Structures are given as C-alpha cells and as structure tokens.
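**Student:** Listed below, chain by chain, are the residues.
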Amino acid sequence: MRAATAQEANRPLPIGVTLTRTALVLGGGGLLLVILLVTAVALGSTQIGIGDTAAILARRLLGLPVAETWAPTAETIIMQIRLPRVLTAMIVGGGLAMAGTVFQALLRNPLADPYVIGTAAGASFGAALGIAAPLALPMLAIGAGSAFMGLGVVQVLAFAGGLGTVLLVYAIARGGGRVQMITLLLTGYAVSAVLAAGVALLMFISGRALGAIFSWLMGSLADAEWTDLAFAAPLMLFSFIALLTRWRSLNLLLLGDAQAVSLGLDVEREKLRLTMLATLSTSAAVAISGTIGFVGLVVPHLLRLVIGPDHRLLLPASMLGGAALLVLADLVARMVPGGGIPVGVVTALIGAPFFLYLLRRSRLLRVDAMA
Amino acid sequence: MSVSVAAPAVVGLHEVHFAYPRPGQDPLTVLRGVELAVHPGEMVALLGANGSGKTTLLRLVSGTLKPQHGSVEVAGRQVGEWTRDALARRVAVLPQQLDLPDGFRAAELVEMGRAPHARRLFGSTADDERAIERAMADADALDLADRYPHELSGGERQRVLVAMALAQEPELLLLDEPTLHMDLAHQVALLRAMRRLQAERGLTVLAVLHDLNLAAAFAPRVVVLHDGRVAADGDPADVLTPHVVARVFGVQAEYALTADGAKHLAISIDG
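Chains as they are written, first to last, in the working numbering: chain R, 1 to 371; chain Y, 1001 to 1271.
Read the hints as simulated data drawn from the structure, not as lab findings.
Where hints are given, some of them may not hold.
[Unchecked claim] A short, non-exhaustive set of chain Y residues, derived as facing chain R with CB atoms under 8 Å:
| hint | residue |
| --- | --- |
| 1 | Ser1062 |
| 2 | Arg1090 |
| 3 | Val1093 |
| 4 | Ala1107 |
| 5 | Glu1111 |
| 6 | Gly1113 |
| 7 | Phe1122 |
| 8 | Glu1129 |
| 9 | Glu1133 |
| 10 | Ala1256 |
[Said to hold, decoys possible] Chain R is nowhere near these chain Y residues, computed Cβ spacing over 10 Å in every case:
| hint | residue |
| --- | --- |
| 11 | Gly1024 |
| 12 | Asp1085 |
| 13 | Glu1108 |
| 14 | Ala1145 |
| 15 | Glu1169 |
| 16 | Asp1183 |
| 17 | Ala1185 |
| 18 | Thr1241 |
For clarity, every value in this text was computed on a predicted model and none was experimentally measured.
For every residue, glycine included, the Cβ atom is placed at its ideal position computed from N, Cα and C.
Please work from the sequences and hints to get the whole structure.
**Tutor:** Following this line, the structure appears as structure tokens:
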C-alpha cells in the first residue's frame, strides 16, 4: 500500500453538484409531487379514497393489472375531470417557475417573472380578442387551424399573442446588434401598457363577453382538458430540456455580460435563445390557463435561497417546485365552498404575503452578511 | 529570398481608433492611432492617466469592443474572426470591477473559468478539476475555496478572480488593475506568480497598473498611453522618467535612490 500524497490527503474542491444532493433535491421533489398528485386527484366534491385513486392511476397511467374495486363513475371523474386538471396545474406551474428562473438570471433581477417582458399582456390581448372581437374572416382561418390541434381560437390567439409580443419587444429593444437588459425591461413595460389598454378597451366594448375575458385574465384551470395538455406539454418539455442543457450559460450570465463574453459566451445570441425558450414555455402555459401570477416569481426565488443559484439543480428543482405549488393552490381554489375560485386569486393571496416575508428575510440575511 | 519569420505577436494593434458613441454629442474619442505589438512570453505594464484608454485597449483585445478603424489581432488573427469560446481559450481577462453572484463558493466561481473548455454536459472532467486546483494554487486562493462572495474581503475576491482567469489556461492574460484592494504582500505575491507562470508556461501578460514603481519592478517593458496614443514604450528605466511623469500625469516627480542603488520615482505633492 502506498502512502497517501499530500494531494490525496486534501479534501476535494467543493465544485459541481454531488450525486447525493441531486438525488435528495430531485428525488425528494419528485416524490412530493407524486404524493400531491394522488391527493389532489382524490380530493373534490365527490370523495374518492386515496387507495382507489392510486389504483385507478396505476391502472390507467402505468398499465398495472389492478383489480377493479371502485365505481365506474369514480374512474370517469378522475380520468375526465380531475386528472387533466391536476396535470395541467403541474405543467403550468412547472413551466412558469422554470421560465421565471431563466428571466431572473437573464435580467439579473430577482423581481423578474415570466411575464416581465410582455408575454402576459400579449397573451391577454390575444385571448380577449378571441373572446370578444367579431373578426369573422381571420377567426375562421385560425379556427380551422386550431380545430386541427383540438384547441380553441382563444388558446391559439393567446399563445400567438404571448410569443409575438416578446418578439416585438425584443426587436424594438435591439440597438446596434445588442440588447441591453434594462432597455428590454422598459420596452416590455411600455408595450405591455399599450396591450393592457387594448384589453381594457375590448372589455369596455365587449358587453356580454366581459365576464369571460375577466375570468380568463384571473387565470383558471377549471376548463382543463386533455387536448390542452397535448398541446402545451410537448412545448414545455422541449423548452425544459433545451434550457437545462444551457445551465452553464445561465450561470455565466450571473457574472454580467462583459465577464460572460470573456469566458467565451456569445452573449447576444444566448440571451435571444434563452428568452425565446422561456417565452415558449410561458406562452404555452398562459394559453391553457390564463395569467396565473406569483408562481414564476416566488418559486425560483425561494429555491435559490434553499439550494443555491447553480442552474444545473435550480432549473429542475424550480420545475418541480412550481408544479407542486400550483397543484396545491388549485386544490385550495377548487375546495372553496360554492364552486371554487380562480386559482390566480389563490396564488396571489398566498404568494404575495409569502413574497413579502422572503423580502424581509433576505434583507435581514444581507445585513447579517455585512456585519 | 530569405525572410526571418519572428513568432507572431500575441497581440497586434495597428492604427487603432476607438470612440464611445454619445447620443446627441460628438463621440468621445479615446484611442487615436494606437500601435502596439506584444510577443509571446512578454510581461507588459500599461500605464496612463485616468481616461487615457487603458481599459478600452484591454476590451478591444478581449473582443468586448470593436475598433472603428484599424486592426486588433490576437495570435495573428483579427479578434472578430475568433469564435467567442476559441478566443476565451486563449485570452483571459481580470476585469476592474465585477460583482460576484452570491450563493456560489469560490471554487465554483473558479470552475466557471473552465466554461470555454467545457466538454461534459453536466459537470467537470478530471482535467478541469486539475486546472481549477492549479489555478487556485497559483492565485493563492486555495484556502478560500469554501467561502461565499460575501465572506471575502476585497483582496480575497481579487485572488478568486485571478484564479478564475487562470482556470481558462490562457496564453494571454489581460489584467485591469490586478492589485486593486490587495495588501502589499499579496500585490507582490500576485506579480511574482505572474512571473513564474511566464517562465514556466510562457504566459503573456498585459497589465494595467497604477503604481509606477510596482510597474517598474514587475514588468521589463512598460507602455504609456497618453492622448489616445502610445506616448512611451520600453524599458521602465528609460520610460518612467520625471519628464514623462510630468507630461502624462502632470505631476512632479524625481528620482530617489534606494539603498541598493535602484532608482525609484518619488512623487511630490507640494504644488
């Protein structure tokens, strides 16, 4: 046996994400999500036992040969109503939190959320147009196209509105081949203001459609269907995988543009790529659920405090955390007596005070650090 | 016909003009016709008054800025022709100011210096880890490996940043006031480490320095920028004269002899 050299006696450098930590965070998060999924599907106006729920899910989703001990109506309720709704909450929450993580890194601003550069305003305008405006001819064309995907005109217009607005904002903010992030923020703010005025105008002249526009704006998962999932889930999966492979860029951007450039990052191209990937996920989420707030802001912020800023772990963890939070919020929303309330109200009611708490806490942390 | 071919310059600036655009005003001209060639293994100190274009010059070489006229070459190729990551494998920068993002340990920040060499999708290779460890040892930052940015003093941050730049394993290191915030011992240690890396690996260093005597002690060659051009270039003993100091900085200085007979510049603050 040879003696350990001084080199080997040293502790290894604290770099990288260890396997145990990854397994702990992602495995723990995944397990929590599965438990939440089963619980959320079991709970509702018609109570279905946790055991039966798990068995139905195991049979229908995993194809396990489980003996039928439940009423057929229970299976119908789960498969047609609750499961699509809970799964929609999961992907919307996950997609928004992931996009929020990316925007907070891109803008180097912890107050950024997925809607910050105009996605929400654009999607809202698209949706309001789809609900209220009698644009017979183009609607027919879009209607034919969306029927093909099994989507409503409103969803297609919301998706296109979100994506289109960000493209427009990016084009306006671009000057001399580069985009200053502060310019992007301000441009997004200004364009959002114009679109918000458009939405207000549409609501004002819409008459009967007012209620429909309003409830869309609040964000709701009540109408979730399998077709929504089939549309949004692949887009989000694509965006998630693409973003996860860019974790290194996201970390480098935290050092600022100049340093990221001198570390070999093509910053302008990378920012455009990341913006578009995050917007794709956001627009898909908004198209099927309306503008649900606070998930995309709070989740990445909270997880950064707990597991650190390394995007290799932060991105997937945010995805899981956002999914869990929205499933929980939607459960609260639909358990409210009298037919439930929009989930957007719940996320804001829980999210905003929680955010205030975080804000105070992180200010205290900073003071500690300076002392 | 026989032509003697010298090794290509690591840095070659020819007729370089640069001006910062100012909306509604004339552009702010900083460099007007800079000529400079730095050869492999050279250690060059860049001096000049505030606003004389030292940082601008470094940014042109690192590719963060593009000149309006003239050419800036690194290893015989126009800076703009290099891809970003290929350039980052050759040129590393120690910036004047950098906010280190909180939540990363010093070693993890140094690991970011490996980005242009990244081979593995989700982590570092054994080669990367060796390079990180060596860079931290060279910058005397190994004992800081576990610390977070808010736990580092100004000089300690600077050592971590130096390690980050060294982890890039560059041929050329651009240092913008590397000794800023460092205590005297670490200033000397840093410049000594640079010399050792030059001797061992042929590292080329172009460093903006403010302390004239430190520059003279460190670099066999000093380049003085003044009025957008290279005002003096050569051996510190020839370049750093009271005359040049008066012209470039507008400050009175005279030689003072140290005990071992070396000449030092003594600055007078009396009008």
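**Student:** Against each hint, give a clear statement of whether it holds in the structure.
**Tutor:** Results for each hint:
{"no.": "1", "hint": "Ser1062", "result": "holds, 5 Å"}
{"no.": "2", "hint": "Arg1090", "result": "violated, 10 Å"}
{"no.": "3", "hint": "Val1093", "result": "holds, 4 Å"}
{"no.": "4", "hint": "Ala1107", "result": "holds, 4 Å"}
{"no.": "5", "hint": "Glu1111", "result": "holds, 5 Å"}
{"no.": "6", "hint": "Gly1113", "result": "holds, 7 Å"}
{"no.": "7", "hint": "Phe1122", "result": "holds, 6 Å"}
{"no.": "8", "hint": "Glu1129", "result": "holds, 7 Å"}
{"no.": "9", "hint": "Glu1133", "result": "holds, 6 Å"}
{"no.": "10", "hint": "Ala1256", "result": "violated, 39 Å"}
{"no.": "11", "hint": "Gly1024", "result": "holds, 15 Å"}
{"no.": "12", "hint": "Asp1085", "result": "violated, 4 Å"}
{"no.": "13", "hint": "Glu1108", "result": "violated, 5 Å"}
{"no.": "14", "hint": "Ala1145", "result": "violated, 6 Å"}
{"no.": "15", "hint": "Glu1169", "result": "holds, 12 Å"}
{"no.": "16", "hint": "Asp1183", "result": "holds, 21 Å"}
{"no.": "17", "hint": "Ala1185", "result": "holds, 24 Å"}
{"no.": "18", "hint": "Thr1241", "result": "holds, 34 Å"}
Of the hints listed earlier, those the structure fails to meet are numbers 2, 10, 12, 13, 14, in rising order.
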